[in-house]
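Novice: Residue numbers (the numbering used here), protein chains in the order written: chain A, 53 to 319; chain B, -8 to 60; chain C, 262 to 643.
These aren't lab readings, by the way, just hints derived from the structure by calculation. Built from N, CA and C at the ideal position, the CB exists for glycine as well. Each hint should be verified, as a subset may be incorrect.
[What the hints assert, rightly or not] Here are a few chain C residues that face chain A, going by a calculated C-beta distance under 7 Å:
id	residue
1	Arg312
2	Glu317
3	Asn489
4	Val523
5	Thr527
For reference, the chains in residue letters:
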Amino acid sequence: MAVGDYLRERFFPHIWCPGCGHGIVLNGLLRTVENMGLKKNDIVMVSGIGCSSRIAGYLDFHTLHTLHGRALAFAVGVKMSRPELTVLVPMGDGDALSIGGNHFIHACRRNIDMTAIVMNNRVYGMTGGQYSPLSGYGTMATTAPYTNIDQEFDVVNIATAAGATFVARTTAYHVQQLADVLEEAIRHKGFSVVEVMSQCPTYFGRKNKEGSAVDMMEKMKTLTTPIGSKAKQENPSLIERGIFVKKEMPEYCTEYQRIIERAMKGK
Amino acid sequence: MAKLKLKTHVINRDWCKGCGICVHFCPKKVLELDENDKVVAARPQDCVCCKLCELRCPDLAIEVQTEQE
Amino acid sequence: MGGRLTFVQGNEACVEAALYAGLDFFAGYPITPSTEIAELMSVRLPLKGGRFMQMEDEIASICAIIGASLTGKKVLTATSGPGFSLMQEGLGFAIMAEIPCVIVDVQRGGPSTGLPTKVSQGDVNQARWGVHGDHSIIALTASNHQDVFAITVEAFNFSETYRTPVILLFDEVIGHMRERLEIPAPGEIPLVERLKTSVREGVDYHPYLPREDGRLPMSDFGGVHRYNVTGLFHDMWGFPSDNPRVVHELLRHLVDKIEGHVVELTRYKEYFVDDAEILLISYGASARSALHVVVDRRKRGERIGLLELQTIWPFPAALVREKSKNARYVVVVEMNMGQLLQSVKEAVERPERVFLSNRVDGVLITPEDIRNILRLIQGKGV
Chain A
53 MAVGDYLRER
63 FFPHIWCPGC
73 GHGIVLNGLL
83 RTVENMGLKK
93 NDIVMVSGIG
103 CSSRIAGYLD
113 FHTLHTLHGR
123 ALAFAVGVKM
133 SRPELTVLVP
143 MGDGDALSIG
153 GNHFIHACRR
163 NIDMTAIVMN
173 NRVYGMTGGQ
183 YSPLSGYGTM
193 ATTAPYTNID
203 QEFDVVNIAT
213 AAGATFVART
223 TAYHVQQLAD
233 VLEEAIRHKG
243 FSVVEVMSQC
253 PTYFGRKNKE
263 GSAVDMMEKM
273 KTLTTPIGSK
283 AKQENPSLIE
293 RGIFVKKEMP
303 EYCTEYQRII
313 ERAMKGK
Chain B
-8 MAKLKLKTHV
2 INRDWCKGCG
12 ICVHFCPKKV
22 LELDENDKVV
32 AARPQDCVCC
42 KLCELRCPDL
52 AIEVQTEQE
Chain C
262 MGGRLTFVQG
272 NEACVEAALY
282 AGLDFFAGYP
292 ITPSTEIAEL
302 MSVRLPLKGG
312 RFMQMEDEIA
322 SICAIIGASL
332 TGKKVLTATS
342 GPGFSLMQEG
352 LGFAIMAEIP
362 CVIVDVQRGG
372 PSTGLPTKVS
382 QGDVNQARWG
392 VHGDHSIIAL
402 TASNHQDVFA
412 ITVEAFNFSE
422 TYRTPVILLF
432 DEVIGHMRER
442 LEIPAPGEIP
452 LVERLKTSVR
462 EGVDYHPYLP
472 REDGRLPMSD
482 FGGVHRYNVT
492 GLFHDMWGFP
502 SDNPRVVHEL
512 LRHLVDKIEG
522 HVVELTRYKE
532 YFVDDAEILL
542 ISYGASARSA
552 LHVVVDRRKR
562 GERIGLLELQ
572 TIWPFPAALV
582 REKSKNARYV
592 VVVEMNMGQL
602 LQSVKEAVER
612 PERVFLSNRV
622 DGVLITPEDI
632 RNILRLIQGK
642 GV
């Protein structure tokens, strides 16, 4: 497979556990980049801290592995300085929405042209299985030994409310949709958020008796449904997959270019 | 488009971690884990070249090589 | 100087200097008493095709400038104490990943929200030690607007030369006071530009392998060399490593590239130091009052001098030791509880002869405050 051209193969096998959904996201992203014919020199990947952020080290792009939660803030500086580059920002759920929550909503609001990929495995894996803001009420974690009483965010709702102009959700099971959605997100001129439900069999799965990676992916199949499906009407607890928001709004770098022109004209 | 015909399953045993995702979700039950928990193509003759194993492998350890029939 | 004459605030002098140095990108968050820098940048940067961003907080501000720097831009952020605290995480990243950037801290009273509109020099030690883990840092300051201009340009030059963040530790008085500034003609102050790698496309490039002179040529993000940048300890390609030898060598490199160049990094001014029996050591706005005392007392024949430090960190210990060796008394004049005093005491031969003249109530230290301490030292009573 030509996808090997995009990998830093000397670091394989990767650090993720057997059956980790993050590897499937990496897989899908590679194929997307290949299908789109993007040049490696034109891609900057900016990541934060956590299992998810390690994705950057495996890809032969310009890669910036930053601080916990801050990936989008670094990425904004890259994109504003070189708007012609494709900026991809993979993040974990805690990374994006707990410590990085403020950066996340403001990046949505600004509508700067980059793609945020929230690899949502509902747990802090790198530190060993603590609950995240996506774990959800009633789940178990090493820091919720008697059950979690924290309510969870909905990534799609929060991104939509914060003004992201492209918002989608898919899962590590739905790999064809994953590649399609990622491609559409990267092509979208504006801030794109793609939530990928990703299994962590080692921590979330084990703590919550969800079985193996295979069992967890089976649940992704049965507990999700395409947006607006008949199944959703019959069973409102199903989680919808697909593209929720796709709208044209002024893009930040383009707008700033107009500021420069206005300033230079003396207006 | 012409139908794809299997050439071979290229399996990177150093990368495979034996999670069994490819085995479980293969629609034709082509794949198995061997005694070392590494994937092998046990029934390649049944492969329909859907490449779902390749797409779903978290370890990038399987490639389904095909040719045009 | 063939420059342009202006009458400006210190914050404006800093902006003029940053633009003179070739600033391309500024990201910041409003905070007194530094806000004028952001305001003026929003006006001036787009005029030259540069970019200004008001971020969601100071954490994002420093992260954004680091990202921009990696694309080859000269970058700046400006803040004050509380924002400077928030920036420590990003500052540590810039140190570890060796990203050139300049951070202005216009100091105000602290801790916490403290005295937003009043002067202090209370961040001297935060500048040195605010980042966790072993490291070294460059922090510069100045006491008048002409020097603010020169030292700001120098900050960019040091940042590019040593591939490291540089802190400009100004204070509320310097930031807000208006005085004359003559902006030098282009070319009058030499500028250090980003050292770019000469390694060609397709040839293995090591972003973290220093040349013989210790400098690390860079390749811009978006260029022909793809490499990794991380806050983790890393090898010469920028990939994470916990190999003890790699860790040890990188930490030594990060510290040595600064501590091994103290002479090159030291900027100072001296007034009547050679025969001084009493040596005042001061910096920033405090040095203005100290100089007033020195000039005043020299007129009366008193052997008193001033060593004004512009480089605070790395601390120029050898310089301080040399300049104070003939002095009977050394008096450190600063607006904090003695943050630089400790370094002076460590540097001199007779630390028991080092005294502190300070003020920590949000009011600029006055010549009278300094004179009172001198009378006490000289046994003349207050």
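Novice: Going back to the hint list, which numbers does this structure go against?
Specialist: Hints 4, 5 not satisfied by this model.
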